[in-house]
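*Asks:* Protein chains in written order, with our numbering: chain W, 1 to 480; chain Z, 1 to 504.
Watch out, some of these pointers could steer you wrong.
In silico SDA-like cross-links for lysine to any residue, where the CA-CA straight-line distance does not exceed 20 Å [what the hints assert, rightly or not]:
id: 1; chain 1: W; residue 1: 436; chain 2: Z; residue 2: 160
id: 2; chain 1: W; residue 1: 436; chain 2: Z; residue 2: 108
id: 3; chain 1: W; residue 1: 436; chain 2: Z; residue 2: 159
id: 4; chain 1: Z; residue 1: 167; chain 2: W; residue 2: 294
id: 5; chain 1: Z; residue 1: 441; chain 2: Z; residue 2: 429
id: 6; chain 1: Z; residue 1: 503; chain 2: Z; residue 2: 188
id: 7; chain 1: W; residue 1: 436; chain 2: Z; residue 2: 163
id: 8; chain 1: Z; residue 1: 167; chain 2: W; residue 2: 435
id: 9; chain 1: W; residue 1: 436; chain 2: Z; residue 2: 21
id: 10; chain 1: W; residue 1: 436; chain 2: Z; residue 2: 158
None of these hints come from the bench; they were simulated from the model.
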Amino acid sequence: MTFQIPDFTPVIPEMFVLGMACAILVIDLFVPQSRRDITYGLVQFTLLGAAVLTLALAAPETRLTFNGTFIADRLSDLLKVAVYVITAAVFLYSRPYLKDRDIYRGEYYVLGLFGVLGMMVMISAYSFLTLYLGLELLSLCLYAMVAFNRDSSRASEAAMKYFILGSIASGMLLYGMSILYGITGSLDIIEVSDYLITAGGGLNVPLIFALTFVVVALAFKLGAVPFHMWVPDVYHGAPTSVTLFIATAPKLAGLAIVLRLLVDGLGPLHGDWQGMLMILAVLSLAVGNVVAIAQTNIKRMFAYSTISHVGFILLGLLAGTPEGYGAALFYVIAYAVVSAGGFGMIILLSRRGFEAENLDDFRGLNERSPWFAFIMLLIMFSLAGVPPTVGFYAKLAVLQAVVQVDMVWLAVYAVIFAIIGAFYYLRVVKLMYFDKPEDETPLPRATGMNVVLSINGLLVIALGIFPGVLMSLTTGVVTW
Amino acid sequence: MFADWPLLSLVIWTPIVGGCIVLMAGDRMPEGARRLALFFATLTFLISIPLFVHFDRGTHEMQFVELLPWIGAFNVNYHLGVDGISMPLILLTTFTTVLVVIAGWEVIQHRVSQYMAAFLIMEGFMNGVFAALDGVLFYVFFEGMLIPMFLVIGLWGGPNRVYATIKFFLYTFLGSVFMLVALIYMYTRSGSFAILDFHHLQLGMTAQILIFLAFLAAFAVKIPMWPVHTWLPDAHVEAPTGGSVILAAIMLKIGGYGFLRFSLPITPDASMALDWLLITLSLIAVVYIGFVALAQQDMKKLIAYSSIAHMGFVTLGIFIVFLIFSNTGDWQGAALGIQGAMVQMISHGFISAALFLCVGVLYDRMHSRQIADYGGVVNTMPWFAAFFVLFAMANTGLPGTSGFVGEFMVILASFRADFWIAFLAATTLILAAGYTLWLIKRVVFGDIANDNVAKLQDINRREFLVLGILAFVVLLLGVWPAPLLEVMHATVDNLIQHIAVSKL
Numbered sequence: 001m002t003f004q005i006p007d008f009t010p011v012i013p014e015m016f017v018l019g020m021a022c023a024i025l026v027i028d029l030f031v032p033q034s035r036r037d038i039t040y041g042l043v044q045f046t047l048l049g050a051a052v053l054t055l056a057l058a059a060p061e062t063r064l065t066f067n068g069t070f071i072a073d074r075l076s077d078l079l080k081v082a083v084y085v086i087t088a089a090v091f092l093y094s095r096p097y098l099k100d101r102d103i104y105r106g107e108y109y110v111l112g113l114f115g116v117l118g119m120m121v122m123i124s125a126y127s128f129l130t131l132y133l134g135l136e137l138l139s140l141c142l143y144a145m146v147a148f149n150r151d152s153s154r155a156s157e158a159a160m161k162y163f164i165l166g167s168i169a170s171g172m173l174l175y176g177m178s179i180l181y182g183i184t185g186s187l188d189i190i191e192v193s194d195y196l197i198t199a200g201g202g203l204n205v206p207l208i209f210a211l212t213f214v215v216v217a218l219a220f221k222l223g224a225v226p227f228h229m230w231v232p233d234v235y236h237g238a239p240t241s242v243t244l245f246i247a248t249a250p251k252l253a254g255l256a257i258v259l260r261l262l263v264d265g266l267g268p269l270h271g272d273w274q275g276m277l278m279i280l281a282v283l284s285l286a287v288g289n290v291v292a293i294a295q296t297n298i299k300r301m302f303a304y305s306t307i308s309h310v311g312f313i314l315l316g317l318l319a320g321t322p323e324g325y326g327a328a329l330f331y332v333i334a335y336a337v338v339s340a341g342g343f344g345m346i347i348l349l350s351r352r353g354f355e356a357e358n359l360d361d362f363r364g365l366n367e368r369s370p371w372f373a374f375i376m377l378l379i380m381f382s383l384a385g386v387p388p389t390v391g392f393y394a395k396l397a398v399l400q401a402v403v404q405v406d407m408v409w410l411a412v413y414a415v416i417f418a419i420i421g422a423f424y425y426l427r428v429v430k431l432m433y434f435d436k437p438e439d440e441t442p443l444p445r446a447t448g449m450n451v452v453l454s455i456n457g458l459l460v461i462a463l464g465i466f467p468g469v470l471m472s473l474t475t476g477v478v479t480w
Numbered sequence: 001m002f003a004d005w006p007l008l009s010l011v012i013w014t015p016i017v018g019g020c021i022v023l024m025a026g027d028r029m030p031e032g033a034r035r036l037a038l039f040f041a042t043l044t045f046l047i048s049i050p051l052f053v054h055f056d057r058g059t060h061e062m063q064f065v066e067l068l069p070w071i072g073a074f075n076v077n078y079h080l081g082v083d084g085i086s087m088p089l090i091l092l093t094t095f096t097t098v099l100v101v102i103a104g105w106e107v108i109q110h111r112v113s114q115y116m117a118a119f120l121i122m123e124g125f126m127n128g129v130f131a132a133l134d135g136v137l138f139y140v141f142f143e144g145m146l147i148p149m150f151l152v153i154g155l156w157g158g159p160n161r162v163y164a165t166i167k168f169f170l171y172t173f174l175g176s177v178f179m180l181v182a183l184i185y186m187y188t189r190s191g192s193f194a195i196l197d198f199h200h201l202q203l204g205m206t207a208q209i210l211i212f213l214a215f216l217a218a219f220a221v222k223i224p225m226w227p228v229h230t231w232l233p234d235a236h237v238e239a240p241t242g243g244s245v246i247l248a249a250i251m252l253k254i255g256g257y258g259f260l261r262f263s264l265p266i267t268p269d270a271s272m273a274l275d276w277l278l279i280t281l282s283l284i285a286v287v288y289i290g291f292v293a294l295a296q297q298d299m300k301k302l303i304a305y306s307s308i309a310h311m312g313f314v315t316l317g318i319f320i321v322f323l324i325f326s327n328t329g330d331w332q333g334a335a336l337g338i339q340g341a342m343v344q345m346i347s348h349g350f351i352s353a354a355l356f357l358c359v360g361v362l363y364d365r366m367h368s369r370q371i372a373d374y375g376g377v378v379n380t381m382p383w384f385a386a387f388f389v390l391f392a393m394a395n396t397g398l399p400g401t402s403g404f405v406g407e408f409m410v411i412l413a414s415f416r417a418d419f420w421i422a423f424l425a426a427t428t429l430i431l432a433a434g435y436t437l438w439l440i441k442r443v444v445f446g447d448i449a450n451d452n453v454a455k456l457q458d459i460n461r462r463e464f465l466v467l468g469i470l471a472f473v474v475l476l477l478g479v480w481p482a483p484l485l486e487v488m489h490a491t492v493d494n495l496i497q498h499i500a501v502s503k504l
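Let the sequences and hints guide you as you build the complete structure.
*Replies:* Quick look at the structure:
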């Protein structure tokens with residue numbers, strides 16, 4: 001066996017992030033607490049550098065390296081850049097939150113950076129092994145981040161739950177993959193796909209058995225019903241800055257592995273996993289939207305709202321057409337942008353010793369700050385899917401994909417639950433605009449966070465007025 | 001010179017941009033916000049006048065067309081244009097918004113800039129609804145309009161405003177999402193979201209029925225038809241005067257417009273097959289809701305129910321054409337029904353706006369909408385009483401006012417279809433006279449009922465201006481409706497010819 005030196009160019013961004021993360025870990029040891037901003041600055045610089053590198057190395061053609069276990073294509077470029085941008089915003093929102101709670105430590109950012117690396121590997125994984133490595137790297141970072149505020153028993157409990165359930169899901173994924181390996185004799189996604197195509201149709205019980213485990217594991221990671229139980233607890237228990245992180249960028253990576261595994265790898269089994277995803281989607285839409293109505297804690301409400309949005313993303317995927325995958329991609333990016341803004345608002349309203357976690361904390365926001373009430377209004381209407389916000393086009397794209405494959409009933413079902421969902425988003429608007437404030441504390445004045453949060457909110461409407469920009473990107477990168 | 005300008009874009013975006021500017025000006029200078037809002041509303045109205053003046057009355061083709069690519073991936077275009085049905089409604093919108101801004105001048109003292117901005121932005125969205133020729137663009141404006149209205153009712157409304165506004169939002173949202181699915185379905189069939197392409201899309205009967213029902217869900221809620229009208233009395237009662245005016249004068253018309261733009265031309269066979277349903281619902285609205293209006297104790301609620309009854313006339317006029325055709329085979333005669341519906345919509349826009357403004361005038365002084373709290377207002381407010389009586393007469397369809405023209409045309413059309421339908425429809429003349437005149441008797445005439453009425457001040461110059469303009473328009477359209485009929489003539493004829501051809 002001859003040893004070939006693999007082509008390292010497609011992995012330069014990953015190597016850069018890894019190198020910087022290790023370097024920052026060491027540098028941070030020598031930075032006094034009062035100068036912690038140095039660490040923060042270096043982390044943001046890393047994300048910026050990674051974005052520059054990814055864009056500089058971006059090429060229209062697909063590049064495989066490391067014996068076909070790592071892929072760099074337009075999909076991965078788009079998703080990676082989105083991950084950098086969203087993570088940068090997340091880190092920026094986190095800073096005042098962590099400072100106020102005396103947990104402004106370098107470890108938070110280093111863990112986040114390793115999480116980003118995990119997501120990058122997930123996005124570019126083209127073999128079961130790489131994919132699993134990336135997923136575990138991300139998950140371990142997230143478990144630790146959830147427990148980051150070690151004095152909070154609620155956070156520790158959430159981290160424990162997350163860890164145990166996440167491990168079960170990982171175990172299922174590994175089990176499913178090992179069976180697939182047993183059947184197909186390969187861990188490479190492309191070879192698995194080739195095997196399935198040549199093997200042809202017919203009911204293959206072991207294959208369906210393996211597929212089930214893979215789908216269940218993915219449903220766990222995405223938080224689809226009935227594998228959603230960890231989502232509300234983790235969202236609620238984790239420090240808000242961590243919830244913000246979990247709710248945004250990892251969804252992009254999660255979609256990437258679903259696309260790589262189910263579409264690229266197990267695409268020939270589309271007829272089988274379509275039904276599974278349909279059940280997951282139908283349940284997620286119902287449970288997510290209905291249970292969210294009963295929540296009084298806004299983080300839990302967002303958790304159930306996420307579950308319902310996962311239902312919509314699954315609808316796009318199960319259509320099994322390029323339009324459907326493009327729609328799911330658009331949806332997940334739009335969702336990440338919008339929910340970053342939503343959790344950013346919670347952080348903005350929180351302060352030392354006070355978590356703006358309850359819906360009531362949003363009462364009368366229009367009296368306290370008309371501008372940020374307006375931003376939150378945009379975010380809420382976007383989540384509800386009301387035009388002219390980006391959330392509407394995400395739903396439009398998904399519904400279009402579903403109707404195109406003659407599943408009109410599924411589209412009707414989805415919009416009915418979208419109406420039910422609109423109720424609890426409207427309730428937040430009602431609290432902000434129609435009620436008197438209970439808490440008269442003025443909002444923090446002009447910080448970097450306010451500016452970025454405003455941009456984030458305006459992006460929700462700007463992408464709503466000019467959705468074509470993002471839409472052509474997401475449909476352009478889908479090559480199936 | 002104006003004909004080459006992108007007038008429709010200007011009519012849509014001037015108020016929206018103006019609204020954002022007013023919003024940014026903030027509440028520090030309420031007077032400035034009012035003036036700025038009046039400036040933008042007047043400017044928009046002036047921009048919309050060339051639409052009427054330069055409108056080519058001889059053609060049914062879309063005019064002032066603007067076409068730009070918008071979302072390439074879905075073949076969605078920024079496609080605007082007006083014909084004889086939509087152009088008068090745009091004028092109605094720009095005109096009414098000016099009045100609403102003036103009417104809110106002193107009344108609104110709380111969050112002035114947000115109030116004015118909401119109405120301006122809403123105006124832009126409503127103009128967009130009437131001008132859009134692309135399904136997605138239409139839907140965006142149709143839904144987007146709900147956001148400012150939701151805030152207007154919720155922020156400046158009465159005691160039960162939160163319930164009313166959430167009900168309003170969810171009801172309308174519920175109706176419109178089905179329309180969205182129908183639009184998407186037609187897109188997958190035709191490969192385009194252009195409404196004019198939908199008009200020529202061949203559809204089977206089952207598909208037509210389902211699409212028709214989806215549109216019905218959207219527009220029946222909007223217009224509103226019995227039995228999905230219940231949001232309207234709540235929304236009207238709780239909304240501030242300006243909100244009620246916009247709701248009654250324009251938002252309800254969007255339902256009627258939707259029937260003419262979507263339901264009839266896209267699903268002519270389903271409309272024909274289900275005309276009995278729509279006619280029945282319209283007659284229930286006319287007769288039953290007329291009786292409901294008689295029983296009201298609250299002035300705004302009474303006018304709200306009266307609106308529903310009058311909108312019943314609109315849907316009757318629209319769907320009676322199918323019955324006329326199946327009974328007589330005379331398509332030309334059928335045009336009368338649609339023309340009557342259009343005139344009724346425009347006329348009701350002015351009359352209901354005027355009536356809600358009249359109630360607003362009283363409410364601002366007495367802070368009560370209960371009929372029982374009034375009596376003998378004519379003694380203290382003679383000018384006001386004169387206007388109120390005039391608009392009440394117009395509401396009952398007195399000849400010489402605009403209210404007469406539309407109702408007369410629809411009743412005339414109904415006679416060609418079926419005597420009993422015309423008979424039931426004509427009961428409105430009695431019922432409307434009953435509830436409106438009884439309202440007038442109890443509120444305006446008689447002896448001064450209590451000390452509060454005795455202390456009333458007559459309308460000031462601002463209120464006189466607003467009501468005077470409306471009175472002028474109502475009388476003008478009543479004696480000389482020809483300009484309005486001319487504008488829509490070619491379009492209505494074309495619509496009739498279009499729906500005469502089966503798509504099956």
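*Asks:* Below or equal to 20 Å on CA atoms is what counts here, so check residue 436/W against residue 108/Z.
*Replies:* holds (18 Å)
*Asks:* Taken at face value, is the distance from the CA of residue 188/Z to the CA of residue 503/Z at most 20 Å?
*Replies:* OK: residue 503/Z and residue 188/Z at ~18 Å, within 20 Å.
*Asks:* Between residue 436/W and residue 159/Z, is the straight-line Cα distance small enough, at 20 Å or below?
*Replies:* Since the Cα atoms of residue 436/W and residue 159/Z sit roughly 14 Å apart, the hinted pair holds (cutoff 20 Å).
*Asks:* Under the criterion that the straight-line Cα-Cα distance not exceed 20 Å, is the pair residue 441/Z, residue 429/Z satisfied?
*Replies:* Given that 20 Å is the threshold and the Cα spacing comes to 17 Å, the pair holds.
*Asks:* What's the verdict on residue 436/W and residue 158/Z, does the C-alpha distance respect the 20 Å limit or exceed it?
*Replies:* holds (15 Å)
*Asks:* Going straight from one Cα to the other, do residue 167/Z and residue 435/W come out at no more than 20 Å?
*Replies:* holds (17 Å)
*Asks:* Given the hinted pair residue 436/W and residue 21/Z, is their alpha-carbon gap at most 20 Å?
*Replies:* violated (26 Å)
*Asks:* Starting from residue 436/W, check that the Cα of residue 163/Z is at most 20 Å away, please.
*Replies:* holds (16 Å)
*Asks:* Hey, residue 167/Z versus residue 294/W, does the alpha-carbon distance stay inside 20 Å?
*Replies:* holds (18 Å)
*Asks:* Hinted pair, alpha-carbon criterion (20 Å max): residue 436/W, residue 160/Z. Please report holds or violated.
*Replies:* Distance of about 15 Å is within 20 Å: holds.
In terms of the numbered hints stated before, the structure departs from hint 9 and from no other.
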